[in-house]
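S.K.: Listed below, chain by chain, are the residues.
2 protein chains.
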Amino acid sequence: MSQDIRLDVSYAEKFVTEPEAEGMKPVVLAAQKTLLEKTGPGAEFTGWVNLPETYDREEFSRIKKAAEKIRDESRILVVTGVGGSYLGARAAIEFLSKGRGESGLRVLYAGSSLNPDQMNDLLDELEGTDFSVNIISKSGTTTEPAIAFRILKALLEERYGKKGAAGRIYATTDQKKGTLKELADAEGYETFVVPDDIGGRYSVLSAVGLLPIAAAGGDIDALMQGAGRMAEICQSDDPEKNPALLYALYRCALEKKGMEVEVLSNYDAGLHQICEWWKQLFGESLGKEHQGLFPAGMDLTTDLHSMGQYIQDGRRNLIETVLDVKNAGRDIRVPEVPGNADGLQYLNGRSLNEINHKAMEGSIIAHAEGGVPVMRIELDRRDEDSLGQLFCFFEYACGVCGYANGVNPFDQPGVEFYKRNMFRLLGKPGYENK
Amino acid sequence: MSQDIRLDVSYAEKFVTEPEAEGMKPVVLAAQKTLLEKTGPGAEFTGWVNLPETYDREEFSRIKKAAEKIRDESRILVVTGVGGSYLGARAAIEFLSKGRGESGLRVLYAGSSLNPDQMNDLLDELEGTDFSVNIISKSGTTTEPAIAFRILKALLEERYGKKGAAGRIYATTDQKKGTLKELADAEGYETFVVPDDIGGRYSVLSAVGLLPIAAAGGDIDALMQGAGRMAEICQSDDPEKNPALLYALYRCALEKKGMEVEVLSNYDAGLHQICEWWKQLFGESLGKEHQGLFPAGMDLTTDLHSMGQYIQDGRRNLIETVLDVKNAGRDIRVPEVPGNADGLQYLNGRSLNEINHKAMEGSIIAHAEGGVPVMRIELDRRDEDSLGQLFCFFEYACGVCGYANGVNPFDQPGVEFYKRNMFRLLGKPGYENK
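Protein sequences appear in the order of chains A and B. Under the numbering used here, the first residue of the first sequence carries the number -10, and numbering increases by one thereafter. Under the numbering used here, the first residue of the second sequence carries the number -10, and numbering increases by one thereafter.
Simulated from the structure, these hints should not be mistaken for lab results. Please read these numbers as outputs of a predicted model, since none were measured by experiment. Mixed in with the good hints, there may be bad ones.
Put simply, identical chains are the same to the list, so a pair is met inside one copy or across any two.
Unchecked claim - The calculated lysine-lysine pairs, modelled on DSSO-like cross-linking and capped at a C-alpha distance of 30 Å, are: (1) K347 <-> K408; (2) K347 <-> K417; (3) K347 <-> K14; (4) K315 <-> K3; (5) K27 <-> K151; (6) K166 <-> K27; (7) K408 <-> K3; (8) K166 <-> K347; (9) K22 <-> K245; (10) K3 <-> K27; (11) K408 <-> K315; (12) K53 <-> K166; (13) K417 <-> K58.
Make the full structure from the sequences, and use the hints.
M.R.: As structure tokens, this is what we get:
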């Protein structure tokens, strides 16, 4: 079990006056109450709030069995979904350094774009290698995953026959209705449930995320335990004891003061996809009615050498949140060499994890001095327990921010506009004249 | 030879009134003059302006020979650099779909972070595989690549002996001085030049970018030809004939009206790294003195399912620029199946490239209707000629925007702050008390 997540706001405090923080406190407390009591707009989509406690144990154990079967039968699992149907799983799998074959199974992704090159590259990878498919779609009609699934299904049936293919397809979809559910029942796929009361971007701890994570070798018991502990912490109305509430408080106070962009920084490539997941969570939940901080991710120290100048001295309308994982997976030391020909003598024999953390400290101080409020989320290590906490932390904080901003954090009305245009341009029946 | 790049501003026009465009025109024309006549701040770093014409032919042919030698001797080339020292090369290599082994050589990257996991992953890849290293650093003292190079050099020397290692190391560095130049001369590495009059983010068409691109199998003659043609086009003072000038004009007019974020969208995973390169170019050139649009990249349609809601209906302070590559590399068709069980009958047999482009059209219209000015950069295909044009297009446009904004687009004073803190925290001699 890892230590609990902490939030360090010491480099944000000078940007929020005491009266501002005090003034925002009742706003976020009321928002938290609305969330926990399920009395706000979109309350019918807050099933994730209780998920670590109420999750379906029977399905949970079926997930573990299916994960084992996938690993037994295949060298590759193709997770086929878009947006909230894969971002959480992918974030988890990369955070845990899984899915690259360590457990005997590689995880690849399909159905998140319409790019033919990506699909052809995937088909190249699948040549001569046994694979299974987890198609994840509430309705089954979202264009990207539906096309990818049609292609993958045809390939599976060609290779393993209709019955063999059906045994390698796992459908995570609506419990009762919809195109994919009907197809799964007709063809005999094993199915898992996208709950009705949980939107895509909050669904990582349902079967949507759990099956791919378990297949990749992740310990989903530990994941749920970490989430459960953080869910309890998130009940507290004391920001000193509840880091999600503290994060929401500062975030809202800073937005109210005119901030427009939030950058989520990591110093560890394994967290890149956490930033992608977070961008959907916060962008889609809060970016509406012409409001919301624009969410952006940064991979550091890499991006200090591209975006660092902007962060340090560009427009002063941004806040930075840093994901600080204390312990790297596999450390490595700077080789000791005699002399100082490369100017690195002072680093002889020192650990990269240490040097990376000094760069983080140095950047936090520099950015705060340059006028950027910085918050730091501290995690012990990249394990399932910390990850469960992190997912839960962000989801609660996001729900609170939404209600504090006066928006419904659980809808996404803007996502439909381009689809209507696309369907019309493609001549989809029913859309010709829209 | 591909068609010349076009810029479509029809979905941005309604956001800029005629008087606003007319008012901005003399500003960008004056900025263009300052750039071309090299009379502005930072003019000593505008060597890239003439590069497609004046480049060193002797070095160019040495680059081609070295590229061949690398492919003969190695299965992997490790490009070791950070920021402008690798972003252009990587953007080019991925744009051209090279570097994954097609030419017999894979290109991997090191020295762009301090993350120990990434370094360990790289060392795993190098086990048992012949490799060469291109270390790219003007000074040789930048921490990330210097550490990576120390590790890689030790590995090469262990495996091939001191002399064998020296034959596999290619140093792109200062022509005359500096830590890396001295080391290269002492050890006998072949060296290439980071020109004095070209900053990192404008250096992709110098040896900095050309050696890795050529090694990966890219046609650098065609690249320079495309760049040369665009450089000529960029001399024109007529925005109707000069797309870089038109882009600068709209960008500046929209920024003046209060826009704060620019999103560069692609619909092709092969352009992801172009967005990363562009973020440095524009972020570092224009993000200073508390000014500049915040640059962000989007991979579509993927990110329509995460950032789409924000783009459609979040804060109305953003502009979108779309990279539209007309022809995909390898197309693929939706398999034809009987019936309509998956709701995709209307797409039976249609090309993914076509569907992807309809999604693009649909999104551009939707975003513009939602209040986002959209510009579209149209490229024929992902080849060297188009790429040379694109690099040149953005570099000229960026230089013009900088002078139009009244900043020096060729310095990056903000990048040093975190380094000073980091050196102090690491106890680097000379930084103890800073």
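S.K.: For every hint, state whether the structure bears it out.
M.R.: Structure-based check of each hint:
no., hint, result
1, K347 <-> K408, "between (46 Å within a copy, 10 Å between copies)"
2, K347 <-> K417, "between (55 Å within a copy, 12 Å between copies)"
3, K347 <-> K14, "neither (33 Å within a copy, 47 Å between copies)"
4, K315 <-> K3, "within (25 Å within a copy, 50 Å between copies)"
5, K27 <-> K151, "neither (45 Å within a copy, 68 Å between copies)"
6, K166 <-> K27, "within (26 Å within a copy, 67 Å between copies)"
7, K408 <-> K3, "between (44 Å within a copy, 23 Å between copies)"
8, K166 <-> K347, "between (53 Å within a copy, 29 Å between copies)"
9, K22 <-> K245, "within (20 Å within a copy, 42 Å between copies)"
10, K3 <-> K27, "neither (34 Å within a copy, 43 Å between copies)"
11, K408 <-> K315, "between (42 Å within a copy, 20 Å between copies)"
12, K53 <-> K166, "within (24 Å within a copy, 60 Å between copies)"
13, K417 <-> K58, "neither (38 Å within a copy, 53 Å between copies)"
Checked against the numbered hints given earlier, the structure breaks hints 3, 5, 10, 13 and satisfies all the rest.
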